[in-house]
Amino acid sequence: MTLLKKLKSIIAAGAVLAAGVAQAEEPVRIGYSMSLTGLFAQAAPSQVNAYELWEDQVNAAGGLDVGGVKRPVEFVTYDDQSNPANAVRIYEKLITEDKVDLLAAPWSTPIHLALAPILSRHKFPMVGNTAASVQLREVAPGYIWFPTAVIPDKVGEELAAFMKSKGVTSAAILSNVLPLSQEIKSFLVPALEKQGIAVPVNENYPPDIKDLTTLLTQTNESGADAVIMLSYPSDSFLFAAQAKELGVKAPFVLSLIGATFGSYQQALGESVNNIVTVGHWSPNQAAWPKAKPFFDAYKAKYNEAPDALDSALAYMSMEILQQAVATAGLDKEKIREAVSTMTFDTINGPIKFEGVQNTMTPTSFLQIQDGSLELVWPDSVKTKDFRPKTGW
Amino acid sequence: MTKLNLDIIGGPLLVLAGLALPFAGADYLMGIAFNLAMWIALTQSWSILSAMTGYVSLGHVVFCGIGSYVFILTNGTLPMPVALACAGLAAGVMALVIGLPVLRVRGPYFVILTFGLAELAKNVIVQIETSLGQFSRLIFDAPALDTLYFIMFGLAVASTAAAVLVRHSKLGRGLVAIRENEEAAEAIGVPVTRLKLIAFVVAAIIPGIVGGVLLLRTSYFEAAQAFDPVISFSIVTMAIVGGMGTVRGPILGSLAFVLLSELLWARFPQLYMIILGALLILFILFMPRGLSGLFERREARR
Numbered sequence: 001m002t003l004l005k006k007l008k009s010i011i012a013a014g015a016v017l018a019a020g021v022a023q024a025e026e027p028v029r030i031g032y033s034m035s036l037t038g039l040f041a042q043a044a045p046s047q048v049n050a051y052e053l054w055e056d057q058v059n060a061a062g063g064l065d066v067g068g069v070k071r072p073v074e075f076v077t078y079d080d081q082s083n084p085a086n087a088v089r090i091y092e093k094l095i096t097e098d099k100v101d102l103l104a105a106p107w108s109t110p111i112h113l114a115l116a117p118i119l120s121r122h123k124f125p126m127v128g129n130t131a132a133s134v135q136l137r138e139v140a141p142g143y144i145w146f147p148t149a150v151i152p153d154k155v156g157e158e159l160a161a162f163m164k165s166k167g168v169t170s171a172a173i174l175s176n177v178l179p180l181s182q183e184i185k186s187f188l189v190p191a192l193e194k195q196g197i198a199v200p201v202n203e204n205y206p207p208d209i210k211d212l213t214t215l216l217t218q219t220n221e222s223g224a225d226a227v228i229m230l231s232y233p234s235d236s237f238l239f240a241a242q243a244k245e246l247g248v249k250a251p252f253v254l255s256l257i258g259a260t261f262g263s264y265q266q267a268l269g270e271s272v273n274n275i276v277t278v279g280h281w282s283p284n285q286a287a288w289p290k291a292k293p294f295f296d297a298y299k300a301k302y303n304e305a306p307d308a309l310d311s312a313l314a315y316m317s318m319e320i321l322q323q324a325v326a327t328a329g330l331d332k333e334k335i336r337e338a339v340s341t342m343t344f345d346t347i348n349g350p351i352k353f354e355g356v357q358n359t360m361t362p363t364s365f366l367q368i369q370d371g372s373l374e375l376v377w378p379d380s381v382k383t384k385d386f387r388p389k390t391g392w
Numbered sequence: 393m394t395k396l397n398l399d400i401i402g403g404p405l406l407v408l409a410g411l412a413l414p415f416a417g418a419d420y421l422m423g424i425a426f427n428l429a430m431w432i433a434l435t436q437s438w439s440i441l442s443a444m445t446g447y448v449s450l451g452h453v454v455f456c457g458i459g460s461y462v463f464i465l466t467n468g469t470l471p472m473p474v475a476l477a478c479a480g481l482a483a484g485v486m487a488l489v490i491g492l493p494v495l496r497v498r499g500p501y502f503v504i505l506t507f508g509l510a511e512l513a514k515n516v517i518v519q520i521e522t523s524l525g526q527f528s529r530l531i532f533d534a535p536a537l538d539t540l541y542f543i544m545f546g547l548a549v550a551s552t553a554a555a556v557l558v559r560h561s562k563l564g565r566g567l568v569a570i571r572e573n574e575e576a577a578e579a580i581g582v583p584v585t586r587l588k589l590i591a592f593v594v595a596a597i598i599p600g601i602v603g604g605v606l607l608l609r610t611s612y613f614e615a616a617q618a619f620d621p622v623i624s625f626s627i628v629t630m631a632i633v634g635g636m637g638t639v640r641g642p643i644l645g646s647l648a649f650v651l652l653s654e655l656l657w658a659r660f661p662q663l664y665m666i667i668l669g670a671l672l673i674l675f676i677l678f679m680p681r682g683l684s685g686l687f688e689r690r691e692a693r694r
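Heads up: the sequence lines are chains A and B, in that order. Last residue of the first sequence? That's 392 in my numbering, and every number before it is there in order. Last residue of the second sequence? That's 694 in my numbering, and every number before it is there in order.
One chain only, chain B, in its complex shape (with noise of 0.2 Å):
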């Protein structure tokens, strides 16, 4: 009931404040916000697969970065959003192209499977891009920096909507029983291979639209950048210091990570990846159920 409680009211403020933010009209303020609302979309959409059904994903930017290049090849011909939704599209049926096979292996194949693929896609497009004569893309006429964030924000709206749908629908509740016992659930009856697929197709389609949007904020396209791995590891950072346990998880995970970093860079620029590392193994240590987990142990004692 408090948990309820809690969402109902926090859950509603953030959006309220998240809204509010662009008329604060400081660019700075809305950059940081910008970055939070990405990495909410992306955790969250991690976690739609990852913390649900326990199969941890290594290479999620695939979606990212496959995202932002077909964004680039169709900007400009289509209009933007369109070009956006386009870009959405692929990741997700790039996501059931490959998840058929993908989603046979479990375990640490998984993690190195998706590691493998999202490294192979990258090498790919490089090789496309090479061979086309392309060696990088520009964006001129990206909107402003209050319209990306405005999207941004709605992607992150979305993808927490999509988190909380799937965990309280039948397919959520297939999803966890994938996690706790994978031939149990199949035994019953659950159709594991498809709940899986769709998960996997659920999760992809968000970072491609983010690796779109995140294109017009630096209005620049170079394949190795669009799929820089550093992008997996934090999601998947996020979600652990979050807690991987609700949809609250990867929101607490993103706030705190990116406003420790916001405070930390500027101040320790050389410590700052030391220090969030040993704030990693800290949290892995002492708090694996991660910053919602500290909340719950809270509301349990109330």
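Same shape as in the complex, but just chain A (with noise of 0.2 Å):
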């Protein structure tokens, strides 16, 4: 690790040089604590991943542009055992004790909320990224955005225009009890049936469930032509697997976090071709000329594709930092200002905020398409056709 990040610094101070710059600026510290241990470990590496990549390009580029004038970026990290108690001390010591110049977003939404009071109380602009609740627009706008288009309400009420814009009239809803399964659910169900889309089978598991052949012979059994899975990443793999196994028939298949991992294709291969997910970015959408280079680049520096939504995310939020910081420098009021205001070229395509919300970007679905993720609802943004899933 350390040896990495010596080498890491190394290709900077060359960069540097090799930029003509006479004397070496100081480095931009930007602090941010990660859930490395804990019940979310899983997730963070595509967020880590993602960050990073950024460091090393901003670095390689000679900087980063503090109003005009590049310094090398560098990251202060620490653990907070995904626990949001731990990450509010974090970022408590990160802005008072580590003085940090900057500040990056933690992983998940309980942790984002619980920073948002603290972001006030110190004034300090954090630009926020893995969290999705409708919650989120109830935090106080100021110090914090979410550039998600992931917010349940939407969600419920798109995914359930796009099943019937493919002709579904009947779903299986099989949900995790987990806060974000059970609020996009909450708005599922009344949209489907607004839609005239009955609701055979509706069953929650629980989030350690380690077999799913009851529920799946059940969704079988009922002949429903959707399955919708609102799965957490340990049983969407788990769900892939057994839907295999018993031979799930229904041709719209979703399944909701878990999907974009990279390792998910890796390990599930050829039978999770023409799954749906919930994810707003692709590198194939032509209108973003971004969002190439960056897959190309995670996954040359990395050996596998990013996650189409954490590390798009994490991105994107770095992307928007900097570009603010391009024009307000380190100022926190001037940067606060910016991010508020301003529009953002970023991977994902333009990015503008009303309050905490990213309005620019649509709620979106992906899916799985030969080894591709490619966004297929809605039309505005859709980067291929649906395809129904005719087998595993």
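Keep in mind that the hints are not guaranteed to be accurate.
Just a few of them, taken from the derived set where beta-carbon distance is under 8 Å, the chain A residues facing chain B [unchecked claim]:
#1 Tyr78
#2 Pro84
#3 Val88
#4 Thr96
#5 Glu97
#6 Lys99
#7 Pro110
#8 Leu113
#9 Ser120
#10 Gln135
#11 Pro179
#12 Pro190
So these bits of chain B aren't anywhere near chain A, every CB distance computed over 12 Å [unchecked claim]:
#13 Leu465
#14 Ile580
#15 Val594
#16 Ala615
#17 Glu654
#18 Leu686
#19 Glu688
Which residues of chain A face chain B? A few of them, derived with a C-beta cut under 10 Å, are [unchecked claim]:
#20 Leu36
#21 Ala85
#22 Glu138
#23 Pro206
Please keep in mind that the hints were generated in silico from the structure rather than gathered at the bench. On a predicted model such as this, the values are computed, not experimentally measured, just so you know. Quick reminder that beta carbons are idealized off the backbone N, C-alpha and C, glycines included.
Since each chain sits alone in its own frame, please combine them into the complex, following the hints.
Have a look at this one:
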């Protein structure tokens, strides 16, 4: 780890020299805490990898543009053990003890929400990323922003419209009891009803489920032509494996979180072809010229595809911060002003905030198509047409 | 005599240091002190039942969880201090209701049962929240850290005072008799069931309030986190490290644990839990009476 860091700083130093900067500038220090251990540990790499790729790229380009002066960047990081109370303490430490110049976001909705009051109190802006809940809108606008387009009420509404347009008439819903799944379900069920789609199966299951056989058999027997699996990563993997064994026949299959991981396709291969999932970024959207280069750089560095949700969001949040700092410098109030008003050019196309929310990116759906993640809904951003799932 | 001297000097000194701390103006330091006060309050309250009677509970978090749930339901409709009182009251009532059946079993069965009950309570609340269509709840306009710190500090003092009072009362002597030999105690007329139940209820109230204050700190409620079993495990760990024989034990244990983890997590994020685990093993092997045992040995030698 330290060797890698050293190597990085040597490369960074080399880049600075090559750029012809006469004197070495003080690095800009960016603090964040990450759930490296504990409940959410599985999700950390998607986000940390994106941060470190961004760091490499910025340093290789001569540094971060701070209101016209280029300065190298370095991260100050801690492990919050997936615990919001720890994260609160860590960000207080980053702000008051370590006196970092900028902040990057932690993982998960609870930790983002727990940090909002701390940021307001210290008047320290932070661009969030991996948080998704209707409750985000209740956060007082000011020092935190959420670029995600995965907001449960919109997801429910759009998913129902998407299913209707593909001729779905009945849907089986299986849902983890964890918050995001339940939140989406609470908006999805009424939306389906409104679209005239029947819900013959509607079941919850615990987060640590080890066997879905009974639920999947029930689903098969119901004859529903859509299976909506509101799953978290570990049950997404379990679902794909068992759906194959039991021969789930529905032509429309959605799996919530996990299907965008690089490892998902690596582990499950052909069988997950044509699975639909939630996400608003694809490397194949030609209208976003930065998308494909990000994908390629990530793949070259880590030898796997970036997570279309978390890695993309994490990288976007750094792009937003980078562009804000280029105009505003490191003054916290000026950064806040810049993030609140500017339109940002990111790998996910243009982004602009109104209050705490990104209002530019539409709520979209992705489909795994022959090893690639394609946007299939809505029509305004789609990269490929939806394909029914024909087998596992 | 010397022991008393140490407590007479050390106790007020700690209280003074605690009261003066917010005026240092360092949020980070206050954050650590908040944590320290929280652990003292929790471990001290735990020791009222578990260290005194030997009924080791692995489910102390259940009272925190109930407290924070009641707090989030009542806060807003009721003024914050009243909501906090409700949280403590609810935890006490919960102890009263589950106490009678739970306190009938002993030894490892009690340990497992308390752990199981905490998990059960967690899952029940998750189900309730799900059926209410609530997935997590937010608190707005939580008071600033210094206010929260003073409340938590008050809870630490209160729970230490409660531990002292219980220890020096008839109730405490009855509880020790239960620990040493429950049948014998019962035979000579100690009302064992009643005493255990009283201790259980007393031990539950403070963690209930702590649960509410903790929620104000993170401003976010989610059942799985409010009932995190790691809290129960940490309490037992601190009690063991501090020593279960005295009121000092939980204070020393919490101090050691909080300061050590503060030193370790920033420097050795990967190794931090391993080092803590190794220390716990060393303590159990070589210092079964914990840090307070160390003090007592020194005092005895003098």
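Hint by hint, work out which the structure violates, then give me just those numbers in ascending order. Hint check: 6, 9, 12, 16 and 17 fail, others pass.
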